[in-house]
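Peer 1: Chains as they are written, first to last, in this note's numbering: chain B, 1 to 484; chain Z, 485 to 738; chain E, 739 to 991.
Be aware that one or more of the hints could be misleading.
[To be verified] Reference listing, derived: stretches of chain Z covered by chain B, where coverage requires no fewer than 3 residues with Cβ under 8 Å from a Cβ of chain B:
| id | stretch |
| --- | --- |
| 1 | 539 to 548 |
| 2 | 650 to 664 |
| 3 | 688 to 699 |
[As the list claims (entries may be wrong)] Taking beta-carbon pairs under 7 Å as the criterion, some of the chain Z residues facing chain B (in silico):
| id | residue |
| --- | --- |
| 4 | Val497 |
| 5 | Gln503 |
| 6 | Val670 |
| 7 | His674 |
| 8 | Ile675 |
[Claimed, not checked] Beta-carbon label-pair distances, calculated as ranges:
| id | chain 1 | residue 1 | chain 2 | residue 2 | range |
| --- | --- | --- | --- | --- | --- |
| 9 | E | Ala883 | B | Arg103 | 26 to 36 Å |
| 10 | E | Glu752 | Z | Glu579 | 32 to 42 Å |
| 11 | B | Gly175 | E | Arg795 | 56 to 66 Å |
| 12 | B | Val79 | Z | Val575 | 38 to 48 Å |
No wet-lab data here; the hints were simulated from the structure. For each residue, glycine too, the CB sits at the ideal point set by N, CA and C.
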Amino acid sequence: MAEVKTHNFSAASKSSILDPQLRRALQRVGTGFDGARREAIQEVTPQVWEAWREQARQIKIHTLDNLDYYLEMLHENVVKAGGEVHFARDAAQANAIVADIARTRKVRVATKSKSMVSEELDLNRVLETMGVNVYETDLGEYIIQLADETPSHLVAPALHKTKEEVGRLFSQKLGVPFLDDIEAMARVARETLRQKFLQADLGISGANFLIAETGTLVIITNEGNGRLCTSAPRIHIGITGMEKIIPSLRDLAVFLRLLPRSATGQRLSSYVSMVTGPRRQEDEDGPEEFHLVIVDNGRSRLLGDPALREALYCIRCGACLNVCPVYQKVGGHAYGWVYPGPIGSIVSPVLVGLNRAKDLPHASTLCGACREACPLKINIPHMLLHLRHKLAESPNPDEQSPTGAQGLLARGYVRVMSSPNTLAIAHKVGRILQKPIAKKGRIKKMPLPLLSQWTRARDLPTLPPKTFHQIWKRELSRESEDGA
Amino acid sequence: MGQDCRTKASLFVTCIVDQLYPQVGVSVVRVLRRLGVSVDFPMDQTCCGQPVFNAGFTRQGRQLAERVLRSFRHSQYVVVPSGSCTAMMRVFYPELFKDDPGLQRQAKELSAKVYEFTEFLVKVLGVEDIGASYHGAVTYHSSCHLLRELEVRDEPRRLLGKVRGLQLKELPQVESCCGFGGTFSVKYPHISEGMLADKLANVVASGAETLVACDMSCLMHIEGAISRQGLDIKVRHLAQVLDNQIPSPSTKAH
Amino acid sequence: MPSVAGPVGMPKEEFLRSVRQALGKGHPTSGGLESPYLRLGEKLADLEAQAQEIQRRNTANRTELLERLAATAQLLGWRVCRSPNPEEAIGYVISVATTLGAQRVVRSDQAVFNTVPLDTALKIQGVGVTTIARDSARSRESLRAEIVAADLGVTGADYAVAETGSVVVVPRKGLSRLVSVVPPVHIAVVRPQEVVDTLDDVFLLRCLEYHRNGGDMGSYLNFISGPSRTADIEQTLVVGVHGPKEVHLVLLG
Numbered sequence: 001m002a003e004v005k006t007h008n009f010s011a012a013s014k015s016s017i018l019d020p021q022l023r024r025a026l027q028r029v030g031t032g033f034d035g036a037r038r039e040a041i042q043e044v045t046p047q048v049w050e051a052w053r054e055q056a057r058q059i060k061i062h063t064l065d066n067l068d069y070y071l072e073m074l075h076e077n078v079v080k081a082g083g084e085v086h087f088a089r090d091a092a093q094a095n096a097i098v099a100d101i102a103r104t105r106k107v108r109v110a111t112k113s114k115s116m117v118s119e120e121l122d123l124n125r126v127l128e129t130m131g132v133n134v135y136e137t138d139l140g141e142y143i144i145q146l147a148d149e150t151p152s153h154l155v156a157p158a159l160h161k162t163k164e165e166v167g168r169l170f171s172q173k174l175g176v177p178f179l180d181d182i183e184a185m186a187r188v189a190r191e192t193l194r195q196k197f198l199q200a201d202l203g204i205s206g207a208n209f210l211i212a213e214t215g216t217l218v219i220i221t222n223e224g225n226g227r228l229c230t231s232a233p234r235i236h237i238g239i240t241g242m243e244k245i246i247p248s249l250r251d252l253a254v255f256l257r258l259l260p261r262s263a264t265g266q267r268l269s270s271y272v273s274m275v276t277g278p279r280r281q282e283d284e285d286g287p288e289e290f291h292l293v294i295v296d297n298g299r300s301r302l303l304g305d306p307a308l309r310e311a312l313y314c315i316r317c318g319a320c321l322n323v324c325p326v327y328q329k330v331g332g333h334a335y336g337w338v339y340p341g342p343i344g345s346i347v348s349p350v351l352v353g354l355n356r357a358k359d360l361p362h363a364s365t366l367c368g369a370c371r372e373a374c375p376l377k378i379n380i381p382h383m384l385l386h387l388r389h390k391l392a393e394s395p396n397p398d399e400q401s402p403t404g405a406q407g408l409l410a411r412g413y414v415r416v417m418s419s420p421n422t423l424a425i426a427h428k429v430g431r432i433l434q435k436p437i438a439k440k441g442r443i444k445k446m447p448l449p450l451l452s453q454w455t456r457a458r459d460l461p462t463l464p465p466k467t468f469h470q471i472w473k474r475e476l477s478r479e480s481e482d483g484a
Numbered sequence: 485m486g487q488d489c490r491t492k493a494s495l496f497v498t499c500i501v502d503q504l505y506p507q508v509g510v511s512v513v514r515v516l517r518r519l520g521v522s523v524d525f526p527m528d529q530t531c532c533g534q535p536v537f538n539a540g541f542t543r544q545g546r547q548l549a550e551r552v553l554r555s556f557r558h559s560q561y562v563v564v565p566s567g568s569c570t571a572m573m574r575v576f577y578p579e580l581f582k583d584d585p586g587l588q589r590q591a592k593e594l595s596a597k598v599y600e601f602t603e604f605l606v607k608v609l610g611v612e613d614i615g616a617s618y619h620g621a622v623t624y625h626s627s628c629h630l631l632r633e634l635e636v637r638d639e640p641r642r643l644l645g646k647v648r649g650l651q652l653k654e655l656p657q658v659e660s661c662c663g664f665g666g667t668f669s670v671k672y673p674h675i676s677e678g679m680l681a682d683k684l685a686n687v688v689a690s691g692a693e694t695l696v697a698c699d700m701s702c703l704m705h706i707e708g709a710i711s712r713q714g715l716d717i718k719v720r721h722l723a724q725v726l727d728n729q730i731p732s733p734s735t736k737a738h
Numbered sequence: 739m740p741s742v743a744g745p746v747g748m749p750k751e752e753f754l755r756s757v758r759q760a761l762g763k764g765h766p767t768s769g770g771l772e773s774p775y776l777r778l779g780e781k782l783a784d785l786e787a788q789a790q791e792i793q794r795r796n797t798a799n800r801t802e803l804l805e806r807l808a809a810t811a812q813l814l815g816w817r818v819c820r821s822p823n824p825e826e827a828i829g830y831v832i833s834v835a836t837t838l839g840a841q842r843v844v845r846s847d848q849a850v851f852n853t854v855p856l857d858t859a860l861k862i863q864g865v866g867v868t869t870i871a872r873d874s875a876r877s878r879e880s881l882r883a884e885i886v887a888a889d890l891g892v893t894g895a896d897y898a899v900a901e902t903g904s905v906v907v908v909p910r911k912g913l914s915r916l917v918s919v920v921p922p923v924h925i926a927v928v929r930p931q932e933v934v935d936t937l938d939d940v941f942l943l944r945c946l947e948y949h950r951n952g953g954d955m956g957s958y959l960n961f962i963s964g965p966s967r968t969a970d971i972e973q974t975l976v977v978g979v980h981g982p983k984e985v986h987l988v989l990l991g
């Protein structure tokens, strides 16, 4: 499994938020992608957009509620088309499957188009250890592969890199002169990877959708690497999470309408490639073998909790990242694992272990911008709350995070709020305690542990002499008896 | 007098208004009474439970929610000067009591009769013009729970639009979060401060002298930075604007 | 080929069992006629009827459809040439090849090239043309070498979608997958009867094809909606990464 740094969110976010280059990059992506998304919605009209969202959500609800049925159908149809289907419980098993295919088919060179699931598995490292040369071909993924980094966004994995950094990277790793021009860099990538596409024994792809009815794997790309990975080598392996299924071919239409617009504001990406088994005998080209590797890796935990199941409706468009004020401040790496941002704050903890990622469900104001932007209307804020409840109260030791101090505070809070009398006493005590630190109705520095974090950059108001309870009793309640 | 046919509203004043900004509660009562509403205030109320619920403590949240159900059992309407507390009661209470049919029924009853203050004015009373006046440039921040959990978007603006003398300046990126988020503000202060800085920059850019919202939690947060930076921007709950109040909500002589 | 399903992956039944467990189901969801999803229960006759309705509608609206296809395709980055007759189409292809300084062209073996015979005209210009179709003399490997060496790839289309400005190519005998993606420039020659209105139209027609052939619609299908592009470096748009940087749509009729 890919290295897990989800426990480090607080420290990682504190340093990433200070990075001005990251700030600029995030602003570009945020306003760029989100602005384009909004324009695309306006173009089709919000009414039509809402109808599409509802249609897509209904399809996903139905499919995930009957996932076993559709997995069975998918399996049958992929096999009918001449492909092989492999099931992997976890990362280790998925890697073993791919490694076994690579070994028995004597694979030397592999090209990869984008697959987030393969990042979960850390598949590249596994293949390289066995002596297979693996080349990421999506330009953003290629850049971070050269830089030995992880992606920082679902759709734009190298957004945190300036063009100068890419220029330096290419000259260091590819031996080309330093380039300043983005078009020139793309040309270098094209030329370098072209040979790899044509040399490769194995092409590895992810899947945006899997169509149960026909046994088809669908990938949506702009660069053309997806087509070359799935057409040029003699073997194609598609690696996918088990949740990517939709029932029928005709269901694909609404998702093709939602995904590119939500991701980048495009009406449709340059290519939609649909793979149904290996090449047929009469085909002029195409792989001789097609393998579909269907991965669980913790998704059944999301599936098994009705409150979390809808996290599996995600089509990985990245819209939630682009509107999230927290992601926009800290960037993707702070989240510490494959999936950042709002959806990542649910998926990463459940997949790696909730108590290894206890910051993620809390690092949100629950503002709901993500749910509003999500084409599948996934109720992210409510799921974050659900995870917070598990962290505080779950009897399961893998989920519960020790909340000694916080639990005490919560119980203390309830004690104070348990009656207007205790609240009134607390108010009186507060009025006394605040005297030394109150200046002209403001508290500039709070000595208490957690509240001192507030007063770093903000003043606190002081407790007024009378609470509303008191004012009501003394001045306002009488009026309620008038006019009767 | 015979039967009292006036609309009866019970005020859930919210712990933040009760403890820190009681003048907001006074404005709410005055505005409602001016509109002929009979207002009562169940004295045994304290907190809706949202702070502990949002921190993950549903058991504690439930304890406080049960008190609220009891206090407002017989109310005709419950009016709340806060989008987030209203959302807690309308959206989350039924979920909180899902394992107790009796209490869940009560929670659903409360759900059906609880309204955020501006919602109540516009949707229930059918009123937009309170006869208020407020001279100056005002900008409105739409708090997140009000906007996205309750879908209250227009009502506050319609009310502000009828206030004589008030110039409404549009707040750039009006729908973006102020960064409070309850304990978020102290658990991730660096992020909270960053979001607050953006919100404050937009408030300043709007050119308004007064910032108005329907949630004191947001206003307390933003005012915290206004005060620290010594900016000359007033902060008011919308009820105070409708009540024509001039003094600052958070200070009297101490 | 040695199967790897056994010892390496999880057996299907075990995987499905764990899914069912997560869903809280003791037994498999029933299928067949009680299929929970209506779309999958449609009979071939219904699909045929819907297909006929699509053809009828698209034929009736042909003029408008062609205009909309041309406009949308242009928006998505195709260079569009409306060719009322085959001569103009051939002329356009020649001009593209000449502008490129192309020396080698590869094309698919499709019916459209009977109506629009490119080969002779190109050869007159000194441009070599290879049809990518295997025969006794030419293997997959040799044809692939031709494609890799080509400056320009020309195909017909199976469908062209007005809604999205897409050309849909379904690889099969005589229609290579690589012809439209490897060379730096791709020309798609589209006949009016291939133009459909929406994505729904295409998928219904493919669905029909699938079920008509006892559950086979070919190994591959590609929607091409403009040139290859990326915005991965500083979100700056670059056209022509791994796929063609120029795509031309020659719309007959």
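Peer 1: Taking the hints in turn, state whether each one holds.
Peer 2: Against the structure, the hints come out as follows:
1. 539 to 548: Holds: 8 residues of the stretch 539 to 548 of chain Z have a Cβ under 8 Å from chain B.
2. 650 to 664: n = 5 at 8 Å, threshold three: holds.
3. 688 to 699: Check failed, 0 qualifying residues.
4. Val497: holds, 5 Å
5. Gln503: holds, 6 Å
6. Val670: This hint holds: Z/Val670 lies near chain B, its Cβ roughly 4 Å from the closest one there, short of 7 Å.
7. His674: holds, 5 Å
8. Ile675: The hint holds - Z/Ile675 has a Cβ within 7 Å of chain B, the shortest such distance being about 5 Å.
9. E/Ala883 / B/Arg103: 26 to 36 Å: holds, 29 Å
10. E/Glu752 / Z/Glu579: 32 to 42 Å: Holds, since E/Glu752 and Z/Glu579 (Cβ atoms, about 35 Å apart) stay within the stated range.
11. B/Gly175 / E/Arg795: 56 to 66 Å: Given about 57 Å between the Cβ atoms, the range holds.
12. B/Val79 / Z/Val575: 38 to 48 Å: Hint holds: Cβ distance 46 Å, inside 38 to 48 Å.
Violation of the numbered hints given earlier is confined to hint 3; every other hint is satisfied by the structure.
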